[in-house]
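Chain by chain, the residues:
Protein chains: 2
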Amino acid sequence: MPSSPFLNGAAYVRGRFVPIAEAAIPVTDWGFTRSDVVYDVVHVWKGGFFRLDDHLDRFEASMRKRRIHPPEDRAAIAGILHRCVALSGLADAFVAMVATRGRPRVFGSRRPADCDNYLIAYAVPWIDVVPKDMQARGAHMWIGATPRVPDHAVDPTVKNYQWSDLTSNLLEAHDEGFDTAVTCDAAGFVTEGPGFNVFVVKDGAVKTPDRGSLGGITRRTALEVCAHLGLPAAIAPVTRAELEDADEVFITSTAGGVMPVSRVMTRILGNDRPGPVYEKVRATYWQWHEDPRFRTAVKPLAEEA
Amino acid sequence: MPSSPFLNGAAYVRGRFVPIAEAAIPVTDWGFTRSDVVYDVVHVWKGGFFRLDDHLDRFEASMRKRRIHPPEDRAAIAGILHRCVALSGLADAFVAMVATRGRPRVFGSRRPADCDNYLIAYAVPWIDVVPKDMQARGAHMWIGATPRVPDHAVDPTVKNYQWSDLTSNLLEAHDEGFDTAVTCDAAGFVTEGPGFNVFVVKDGAVKTPDRGSLGGITRRTALEVCAHLGLPAAIAPVTRAELEDADEVFITSTAGGVMPVSRVMTRILGNDRPGPVYEKVRATYWQWHEDPRFRTAVKPLAEEA
Chain A
1 MPSSPFLNGA AYVRGRFVPI AEAAIPVTDW GFTRSDVVYD VVHVWKGGFF RLDDHLDRFE
61 ASMRKRRIHP PEDRAAIAGI LHRCVALSGL ADAFVAMVAT RGRPRVFGSR RPADCDNYLI
121 AYAVPWIDVV PKDMQARGAH MWIGATPRVP DHAVDPTVKN YQWSDLTSNL LEAHDEGFDT
181 AVTCDAAGFV TEGPGFNVFV VKDGAVKTPD RGSLGGITRR TALEVCAHLG LPAAIAPVTR
241 AELEDADEVF ITSTAGGVMP VSRVMTRILG NDRPGPVYEK VRATYWQWHE DPRFRTAVKP
301 LAEEA
Chain B
1001 MPSSPFLNGA AYVRGRFVPI AEAAIPVTDW GFTRSDVVYD VVHVWKGGFF RLDDHLDRFE
1061 ASMRKRRIHP PEDRAAIAGI LHRCVALSGL ADAFVAMVAT RGRPRVFGSR RPADCDNYLI
1121 AYAVPWIDVV PKDMQARGAH MWIGATPRVP DHAVDPTVKN YQWSDLTSNL LEAHDEGFDT
1181 AVTCDAAGFV TEGPGFNVFV VKDGAVKTPD RGSLGGITRR TALEVCAHLG LPAAIAPVTR
1241 AELEDADEVF ITSTAGGVMP VSRVMTRILG NDRPGPVYEK VRATYWQWHE DPRFRTAVKP
1301 LAEEA
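So the protein lines, in turn, are chains A and B.
For the first sequence, the positions run 1 to 305 when our numbering is used.
For the second sequence, the positions run 1001 to 1305 when our numbering is used.
This list has only true hints and no planted wrong ones.
If you want the footprint, here are the derived chain A segments under chain B, 3+ residues with CB under 8 angstroms:
1) 14 to 24
2) 116 to 124
3) 151 to 159
4) 171 to 183
Now the in silico label distances, taken between C-beta atoms and shown as ranges:
5) Asp133(A) / Asp1291(B): 58 to 64 angstroms
6) Ser4(A) / Ala1302(B): 42 to 48 angstroms
7) Thr1157(B) / Ala234(A): 36 to 42 angstroms
Source of the hints: derived by calculation from the structure; they are not laboratory data.
In this text, a Cβ means the ideal position worked out from N, Cα and C, and glycines have one as well.
Same shape as in the complex, but just chain A (with noise of 0.2 angstroms):
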């Protein structure tokens, strides 16, 4: 469908499916004005959802703790995962799916208990965290001296819009000249980076932060392809100084997949290019794309109705 309204994103919102251009929520919107909003983001590659059920678990899992509910189950919003990709057209797209507070039905109201929750979702075009030109050469990866919001005040488990501390990082990154950011945590550990999981290896083991992250889907899959390869791979603090001496450094995301570092800091990384670990859980991570564990293939629109 060449002169598709959708083809550079399609998008659903409060039921109606409109071209990603038209997809927009109302200044007054609880989601905005107070970033009272979760989401989730699954990506799908030659036509087929990668772990779209973990995504779904994951995003039910951040509703639930923040108490959002719009009207559409899981099934639906499965099923309108499914349209937004087919009408888009894209073979290679990220999926949002985003679940509001809303605004109050009383008007003056102060409580989040009387707005109507709902449910954005939208299909477009792929985009890598890091760029591919950066990818061939790897990432150069700034440590930010903005502390990340801590866990006890905001559940990074629970997926959010709010960044400021990790925009500041990544102002502060390009202004140094570096590609990105990672922040680390008021006593020195780090956590993520925007948008993204973050991997140190040091003698063969491998290790990604226990705190201030998101439990990534990406992060997952690349430490069950550690387990699958043989390499040791947890859980664990990692500390500043440990990014900094770290054989390799690798990050993982959603939006690109495990994609690796050559630079931390002024620190240059075996030899300022993407390391062996790192090319070696990348190269399963491609593979699983096409197991059927993970693959759900994207329904056509003839069939998704």
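The hints should help you fit chain B onto chain A, whose structure is shown.
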């Protein structure tokens, strides 16, 4: 104009004035998906802005600190606010100005510097942060279990929409049958609530927290009112124990002005009704709304163009 489409509120989005119901931001705007946005709210009472210049000062400071720069300069922003109010026909209103990061000009960019920042503004009917019926008896305040996001992680003086910690405590307060919630930091110092600053009165002396708080314009006005009335008042540390042991508690917000608290957790303050210091501060606060030092008459539609 009884049939005006702007009767429920008027908005300005990227150069166009629209009815409030049509004012929306794209679901892919970083102002939403990263809460990468700053804002301010000024109120209009009986046809006049209150401390408009102070709100514009703070809005400009917030934009500068987050490096969000819409094309409109200060004079243009002021003109837009006047026009939103005039279009709405509201004599009493809340008037928001919002600067959002927007979206990258370059497809796939993850750089804030690549984004087109833009301005949103709107005038909507007045809402009190504590509804009028609760003000009559004094609000019942809950001290939430979720600690405030630390100032060094997210600067609370940059007015932002990242309310997760405040919302967590508000949900808890409503569960417990309270009207609203205040949030303390991890060390047990009082910070603020969802949309308001807090004041405690003990033995005639007035204090408002020095941390975890927005530099509220209504807070500043309340402090100036105290000075005017000869009441000792300071910005200083306030512990949770001091809040629970206060003779009086009141809160301040652009959304309602100076508002009384009659209970803090299980403590009943005074005679379970608004206290005498609150009454005095509130009275002068409203008198000052007539004062030309603070009042800027809203320009009628004919004039402001």
